[in-house]
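Peer 1: Those sequence lines, one after another, are chains G and R.
For the first sequence, the positions run 1 to 483 when the numbering used here is used.
For the second sequence, the positions run 1001 to 1155 when the numbering used here is used.
By construction, these hints were calculated from the structure, which means they are not laboratory data.
Possibly wrong hints are sitting among the right ones.
As the list claims (entries may be wrong) - No more than 25 Å apart at the CA atoms, straight line, and that leaves these computed lysine-lysine pairs for BS3-like: (1) R:LYS1084 x G:LYS323; (2) R:LYS1090 x G:LYS93; (3) G:LYS323 x G:LYS333; (4) G:LYS5 x R:LYS1090; (5) G:LYS5 x G:LYS79; (6) G:LYS5 x R:LYS1032.
Claimed, not checked - Residues on chain R that point at chain G, a partial pick, calculated with CB under 8 Å: (7) ASP1041; (8) SER1043; (9) MET1045; (10) SER1047; (11) ALA1049; (12) THR1050; (13) PRO1051; (14) MET1066; (15) LEU1072; (16) LEU1074; (17) ILE1078; (18) HIS1110; (19) PHE1114.
It should be emphasised that the depicted structure is a prediction, and the values quoted were computed from it without experimental measurement.
We put the CB at the ideal spot given by N, CA and C, even for glycine.
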Amino acid sequence: MPEPKRRTRLRLIVGCLAVALIVAPLAWFWNASRLPASFQITDMGRPDFGGHAGHHDHAGRSLTSFTADPARPADVTVKLVARKEKFTLGTGKRFDGYTLNGQSPGPLIQAVQGQLVEVTLVNETVPDGITLHWHGIDVPNAADGVAGVTQDAVATGQHYVYRFVAGQAGTFWYHSHRLSHHQVAGGLLGPIVIAPKTPLSGVDTVALHHLYGGNRTVNGLAEQSVLAAPGQSVRVRVINTDNGLLSAWVAGAPFQVAAIDGTEVNEPGTVDNVAVPVPAGGRADLELTMPADGGSVRVQLAGAVSIVLGSTAAVAPTVPRPKATLDLLSYGKPAALGLEPANATRTFRYDIGRRPGFIDGRPGLFWTVNGHLYPDIPMFMVTEGDIVRMTISNGSGETHPMHLHGHHAVVLARDGVAATGSPWWTDSLEVGNGESYEIAFVADNPGLWMDHCHNLPHATEGLMAHVMYEGVSTPFRLQGVPE
Amino acid sequence: MRSFYRILAYVIAAEVAIQAMVMVYAVAGLGKWVEGGGVLDKSVMESEATPFSEVVGFAIHGINGMMVIPALALILLIVAFFVKVAGAVKFALIVVGLVALQIVLGLLGHGVPFLGALHGLNAFLLVGASLAAARNMRAAPDTITAPRTTSPTMT
């Protein structure tokens, strides 16, 4: 009976072929996705010249030469010592994470606009190495603090000096940009406030929101009371250091959103009973006047932690989140942008999608930029002086707080609807699923700048592109996806 | 090979039941946590922390649904090629297809909640297909004796 035998053999061959059809492409994609042990960020990705002719080479001026004037003495000198340790949160809970000068959040750094800030970061006991990134401050590239891109991670026993001019008054924060999805969550962060040359009157307080392993805190506490007299004006600087959108609202007084991401809002309207969305990494300065009748005011962050303003005996009630959400696209009054978007010299698109695949041999459902997985994503090439327009579209199924280093961008339109409010300058922009934002910025800070999602685990999943000035090179090397 | 196929198919059906269990476990834990004063928002959802212990249910659901069950379904399909039972490949393909559909519905359900409802419904289809695959194996005779009429290339 030769026939059943032949059939068995044929069946086996067909079976093996079918298996090969399933396994071979998987193996090929897996292998193709593996990154070299170390590489330069300029080696990876596809140069996108934004409608310009141009060429991409690796030679050029090293980004380490983009520094603040080395001869100028510092006006503000800070030393931050980082440790990996167990510590007690302001809420009383123990937490195994990271501290700066023995505390987390790290100390508030204060400077006046125009001053030169010099921060010496010392790594005492963080085994993986650390850096500090000055989130929202347009620092010189050498001080940007991206491990493997603008510097090497600071190993234990080593230090690094960050120098920059505090060019813009506003609310900012600093955090590690080395294994950031882990180190930022673990507490390697702190606030920095740059005051205008003419001091603000009234009470000025920071409200830095952070989750320590599920323990929600504001300035490290569950609740903070701040003294404020009736009739006094108060500015509460909300900083979202977490990975998701934060809602802030005020109970007990109408308020204004005085600034977004460190830029003052032009003629902000007074609002009440409305929630202010603060994207991951973003800041919102809320300004209010204390009620004349001596009533207290509660600034609530996600309804979980608050700043209570008033007398020491103040008992402000909590209120549920207002149904309405403030839309910055139409908030405040228009003013000159200081750049002419119609004269844009580069036009980029930053389309965010999602698909299954491999990144560095790791299987998963990953984010794509312009249809491709990391590292096959665009390098947005610019030259100094360019006016850049970028359309960020998100069809990935989840929201993404997009953060551009070293520059502030102005929102021109959302979903084709032009901005009608105050110029909305941002460095941390929440791009919701299905949304499309058109932004513009001036390429005025040469270097190599990450342009990524600040939901930090997303960065490890490949949502980590960069803007690159032509003729700039880096001597530093990455081991994997920059984060 | 046959009992391996059968066991795999039963395991997939059991895995779908586990998926339902861990989801309800997590949602119930979330409800209890909120009752006790917990606040759920995007910050908490995007953190890798465990504000309440039952949150592990969401993690298990994700790992099971995105990794374990698709791997099991693919192994079932591979095994099916070597099992000499009529319908083995067909049922395995149905299982693989329903698993793929289940992943798509699960992911899209985050943006379009109604698709999440279909995700719940499709789970029943997947259990049914897995059980049918297993039973097909059980019902099959020990060896294939009858020549298949749909093999024109066999001479």
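Peer 1: Now tell me if each hint is right for this structure.
Peer 2: Hints and how they fare:
1. R:LYS1084 x G:LYS323: Violated, because 62 Å separates the two Cα atoms, which is more than 25 Å.
2. R:LYS1090 x G:LYS93: 56 Å, violated
3. G:LYS323 x G:LYS333: Holds: G:LYS323 and G:LYS333 sit about 24 Å apart, inside 25 Å.
4. G:LYS5 x R:LYS1090: Measuring from Cα to Cα gives roughly 23 Å; hence the hint holds.
5. G:LYS5 x G:LYS79: Measuring from Cα to Cα gives roughly 80 Å; hence the hint is violated.
6. G:LYS5 x R:LYS1032: 63 Å, violated
7. ASP1041: This hint holds: R:ASP1041 lies near chain G, its Cβ roughly 4 Å from the closest one there, short of 8 Å.
8. SER1043: Interface hint status for R:SER1043: holds (4 Å vs cutoff 8 Å).
9. MET1045: 6 Å, holds
10. SER1047: Hint on R:SER1047: holds, closest Cβ of chain G at ~5 Å, below 8 Å.
11. ALA1049: This interface hint holds because 4 Å falls under the 8 Å limit.
12. THR1050: It holds, given that the least Cβ distance between R:THR1050 and chain G is near 6 Å, below 8 Å.
13. PRO1051: R:PRO1051 check passes; min Cβ-Cβ to chain G is 4 Å, inside 8 Å.
14. MET1066: 7 Å, holds
15. LEU1072: It is violated, given that the least Cβ distance between R:LEU1072 and chain G is near 14 Å, above 8 Å.
16. LEU1074: At about 6 Å, which falls below the 8 Å cut-off, the nearest Cβ of chain G leaves the hint on R:LEU1074 intact, so it holds.
17. ILE1078: Where the cut-off is 8 Å and the nearest Cβ of chain G is about 5 Å from R:ILE1078, the hint holds.
18. HIS1110: Holds, because the Cβ-Cβ distance from R:HIS1110 to chain G comes to roughly 6 Å (cut-off 8 Å).
19. PHE1114: Given a least distance of 15 Å, the restraint on R:PHE1114 is violated.
When each numbered hint is compared with the structure, violations occur for hints 1, 2, 5, 6, 15 and 19.
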